[in-house]
Amino acid sequence: MKRTLIWVYMLGVISLSAGASSFDSNYKTKEFKQYVFETEAGWKYSVSSRSTDHFSVCTVSLNDGYGAFAFAVFPRKETDIDVIYEDYEGDDDYETAYRIECFQYEIADTLSMQSVKRWKESMGDMRSLLGESGGVQSGRNLEDKLNDDLSYEDVMDLEVDEQNVGNIIRLSNVNKDTLYVCAVDTSNTSDTLYLMLLPNTLQTFQIMAAKNGDWSANVKGCSTFSVDIGYTYQEIRERVNKQL
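Sequence positions in the sequence shown follow mature numbering (1 follows the signal peptide of the UniProt record, and there is no 0) and run -20 to -1, 1 to 224.
Read the hints as simulated data drawn from the structure, not as lab findings. Please note: incorrect hints may appear among the correct ones.
[Stated by the list, open to error] Pair ranges (Cβ atoms, derived):
1. Asp208 - Glu142: 34 to 42 Å
2. Glu69 - Asp137: 13 to 21 Å
3. Lys57 - Gly193: 27 to 35 Å
All C-beta atoms in this analysis are idealised placements derived from N, C-alpha and C, irrespective of residue type, glycine included.
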């Protein structure tokens, strides 16, 4: 298992820390400036693995570290994440920032609670790098239920110069022993985001509006995995692909 970290801070221009070189040796990242109508809204990042036979789990926190989420990177597939401008310091200066850490596994490696614990710790670490000391957030029941374990809620609209450009969404998994891998397409993504809803964890991510101002999220399917069974990452990938 390889663990790599990319440190990115962006104020219109991206700068990378020394950790980015190790990230770049294992992953490819493409960035695309995004607009809603004529308003510059933020960036879309497409992440893919350079390996054709590894499974990766990445944790990421955005902007002021308000929340964090985890997602899977499958071999030969790109996945998209949105990072929307926010005036999170209240000074009318719209900025974006994100911190991301990825863990790479052989496809014959098995899912374990030890790995889940490591991913949770990483989510808290990514938040702390952005100035938030709250650590990982435990699961709790939110406004809208998807099933007995999963629920979600809209947190707030995000605006840039009074133009609505997207939303912050919370997702919660209250089951202490089950991992959900959910395939999500949004109004702004061209490649599916494979959210890893970790056991007993609250996660937060952003959905950017499309250029015409509409925004949506479509959960194409969720696969469940009991952590203590010992699924291999190959089995996880195959089951997720079958549900799509």
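Here is what the structure says about each hint:
Distance hint check: the CB atoms of Asp208 and Glu142 are about 50 Å apart, inconsistent with the given range 34 to 42 Å. Checked against the hint of 13 to 21 Å, the pair Glu69 and Asp137 passes, with Cβ atoms roughly 18 Å apart. Between Lys57 and Gly193 the C-beta distance comes to about 29 Å, which sits within the given range of 27 to 35 Å.
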